[in-house]
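Working from the sequences, and respecting the hints, build out all of it.
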Amino acid sequence: MSSGWTTKALAVLAKDIRTELRTRYSLNALFMFAFTTLVVVSFSLGQLSLNVQVLSALYWIIIFFASMSALSGVFVKEEDGKTAQTLRLFARPSVIYAGKLIYNMLLLTILCALLTPLYVVFMNVTVPDWPLLLVVILLGIIGLSGATTIIGAIVAKANVRGALFAVLSFPILLPLLVAAIGGTNAALAGAGWDGAENQVRLLVAYAVIMITASAVLFDFVWNG
Amino acid sequence: MALSLTVEKLSKSFGARKVIRDLSFMVSVPGSLGITGRNGSGKTTLMKILCRLVPPTKGKVAIRDGDAEVASAECFNYLKMISPEMALYEMLTGYENLKFFSTLAGVHLYRAEQDKLLDRVGLVERGDDLVAAYSSGMKQRLKYAVALLAKPAILLLDEPTSNLDDAGKAIVREIIARQKSEGMLIIATNEAEDLKQVEYVIRLDN
Numbered sequence: 001m002s003s004g005w006t007t008k009a010l011a012v013l014a015k016d017i018r019t020e021l022r023t024r025y026s027l028n029a030l031f032m033f034a035f036t037t038l039v040v041v042s043f044s045l046g047q048l049s050l051n052v053q054v055l056s057a058l059y060w061i062i063i064f065f066a067s068m069s070a071l072s073g074v075f076v077k078e079e080d081g082k083t084a085q086t087l088r089l090f091a092r093p094s095v096i097y098a099g100k101l102i103y104n105m106l107l108l109t110i111l112c113a114l115l116t117p118l119y120v121v122f123m124n125v126t127v128p129d130w131p132l133l134l135v136v137i138l139l140g141i142i143g144l145s146g147a148t149t150i151i152g153a154i155v156a157k158a159n160v161r162g163a164l165f166a167v168l169s170f171p172i173l174l175p176l177l178v179a180a181i182g183g184t185n186a187a188l189a190g191a192g193w194d195g196a197e198n199q200v201r202l203l204v205a206y207a208v209i210m211i212t213a214s215a216v217l218f219d220f221v222w223n224g
Numbered sequence: 225m226a227l228s229l230t231v232e233k234l235s236k237s238f239g240a241r242k243v244i245r246d247l248s249f250m251v252s253v254p255g256s257l258g259i260t261g262r263n264g265s266g267k268t269t270l271m272k273i274l275c276r277l278v279p280p281t282k283g284k285v286a287i288r289d290g291d292a293e294v295a296s297a298e299c300f301n302y303l304k305m306i307s308p309e310m311a312l313y314e315m316l317t318g319y320e321n322l323k324f325f326s327t328l329a330g331v332h333l334y335r336a337e338q339d340k341l342l343d344r345v346g347l348v349e350r351g352d353d354l355v356a357a358y359s360s361g362m363k364q365r366l367k368y369a370v371a372l373l374a375k376p377a378i379l380l381l382d383e384p385t386s387n388l389d390d391a392g393k394a395i396v397r398e399i400i401a402r403q404k405s406e407g408m409l410i411i412a413t414n415e416a417e418d419l420k421q422v423e424y425v426i427r428l429d430n
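Sequence order for the protein chains is A and B.
Numbering of the first sequence is given in the numbering used here, commencing with residue 1 and proceeding in unit increments.
Numbering of the second sequence is given in the numbering used here, commencing with residue 225 and proceeding in unit increments.
Don't take each hint at face value.
Result set (DSSO-like, lysine-lysine): computed pairs, CA atoms no more than 27 Å apart in a straight line [said to hold, decoys possible]: (1) Lys393(B) with Lys157(A); (2) Lys82(A) with Lys242(B); (3) Lys157(A) with Lys282(B); (4) Lys157(A) with Lys284(B).
Here are a few chain B residues that sit away from chain A, every Cβ distance over 10 Å (derived from the structure) [as the list claims (entries may be wrong)]: (5) Phe238; (6) Met250; (7) Pro254; (8) Thr260; (9) Val285; (10) Asp291; (11) Gly392; (12) Arg397; (13) Ile400; (14) Asn414.
Note that these hints are calculated values from the structure, not bench results.
Just so we're clear, the structure is a prediction, and the values are computed from it rather than from any experiment.
Backbone N, C-alpha and C define an ideal beta-carbon position, used for all residues, glycine too.
The structure is reproduced here in C-alpha cells:
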C-alpha cells in the first residue's frame, strides 16, 4: 500500500468531511435520531430500574437505528449527485472504499462519544468496567462501519434504498449486535474481561472478516 | 506502435432492446472520432462502455499502449470523460474540486497551476465560489478544467458544447483542437460544428 494510495484515501475522507460540515446531511439524521430516541426512552421509563441486559440492548438498538438512518448516505450522495461516475474515472475502488469506511467510522465514533455519557446520565447507568465497555463499543463501531459501508454501496444503486438498507443490514448485523450487547452487558454487570471473552473474540472476528470481505467485494459492487 | 483504442464486435442490450450491434473500430493517438445518431441511439451508452462505466453485452474494448494491452483496472489512468451525466461536487468550490480530483489523479497542482486551468476555462474569478452557485454552463466549464488536469491521453466528450454560450464553445473548440493533435479525442454529438472537428464519424442507427 503506497503513500499515494493513503493520500488519495485521505483525500476522499477529507472531501466527505468538508461536504458533510457544509450540508449536515448525515450528522443531523444520525444525532437527531439517537438523541430523540434516548430522550423518549428515558422519559417514558421514568424512574424504573432496568436490569443491565435491557440497558445494554437499548444502547445498541439506538446505535443500530441511528446508523440505519445515516450511514448509507456516503454512497447515496455520490449516486444522486452524479459524482459517482466522475469518481470512478479518477480513483481505484479500494481508495474510495477506504475513504468511505474511515468516514463512517468517524461518524459512529463521534455519535458514540456523545451518546454514551448522555446514556449513562439519562438512563442512570452505573459502569463498573469502563475499559471493557469502551473496547466493546470500539469493536462494535469498527464492525458496524465495515458492514454498513459495503451495504451502503450496494443499496445506493437500488431504487428503494431506505427499506433495502435496513432489510439487508439486519441479518448481516445480527451477530455483531448480539456480541456487542453481550459484551456491554458484561461490562455493566462487572463480569470483567473473562466474562466478556467470547463476545470480544466474536467482535474482533466479525470486524476482521467484514472489512476484509468488503474490501475484496467492493470492486465488483462499485463497478458492477 | 502508439496508444490506441480498439472496439471489437461490441453489442449492448437493455433487456430485449438492442442498442448497439457488432460495432468495431480503432482510433490511434493522435486521432479523433465523432459518434452521432438520433436521440436514444446509444451514443452516451457507447461512451460509457469505452470508459468502463458500463459493461458491454458482447464484444471487447481494449486500450493498447505499444504492444501491451492496458489492464482493465488501469484504464482510468488513460482516459477521462466529460458528460452531462457526470457531475462535480456542488458543496465544494471550484478550487476545492480541482484540488480533490488532482489528488486522486496523483497530480500535485500548485495554486498558480490551478489558476491557469481555471483561467483556461474562464472561471478564475469564480474559483472560490461553491459549485452549487455556478450556472449550468459554468459547471460544464469546470468539468473541462477537472478533466484536463490529468492531461488524459484519451478524452471523451459527450455533448461537448451543451449548456455553453459562444465564449464557452470557443474554449471547448480550442481544447478539442489541442487534444486531437496531442492525444485522442472521441466526441458524441449531433452538432454539425463539433463533428467538423473530427477526422472520422460513426453514425449509430440501431
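Tested hints:
1. Taking the CA atoms of Lys393(B) and Lys157(A), the gap is about 34 Å. The hint is violated against a cut of 27 Å.
2. Between the alpha carbons of Lys82(A) and Lys242(B) the distance comes to roughly 25 Å, so the proposed pair stays at or under 27 Å and holds.
3. For the proposed pair Lys157(A) and Lys282(B), the alpha carbon gap of about 23 Å is at most 27 Å, so the pair holds.
4. Using a Cα cut-off of 27 Å, the hinted pair Lys157(A) and Lys284(B) holds, with the two alpha carbons roughly 25 Å apart.
5. No beta-carbon of chain A is positioned within 10 Å of the beta-carbon of Phe238(B); the least distance is around 16 Å.
6. Non-interface call for Met250(B) relative to chain A: holds, since the shortest CB-CB distance, roughly 22 Å, exceeds 10 Å.
7. No beta-carbon of chain A is positioned within 10 Å of the beta-carbon of Pro254(B); the least distance is around 21 Å.
8. A cut-off of 10 Å between C-beta atoms confirms that Thr260(B) is not in contact with chain A; the least separation is 22 Å.
9. Taking the minimum C-beta to C-beta distance to chain A, about 14 Å, the non-interface status of Val285(B) holds against the 10 Å cut.
10. For Asp291(B), the non-interface assignment is confirmed: its Cβ lies about 25 Å from the closest Cβ of chain A, beyond the 10 Å cut-off.
11. Separation of Gly392(B) from chain A is adequate, the least Cβ-Cβ distance of about 19 Å exceeding the 10 Å criterion.
12. Even its closest Cβ contact with chain A, about 23 Å, leaves Arg397(B) beyond 10 Å, as expected for a residue assigned away from the interface.
13. Annotated as non-interface, Ile400(B) keeps its C-beta farther than 10 Å from every C-beta of chain A; the closest such distance is 19 Å.
14. For Asn414(B), the requirement that its beta carbon stay farther than 10 Å from each beta carbon of chain A is met, with the minimum near 22 Å.
Violation of the numbered hints given earlier is confined to hint 1; every other hint is satisfied by the structure.
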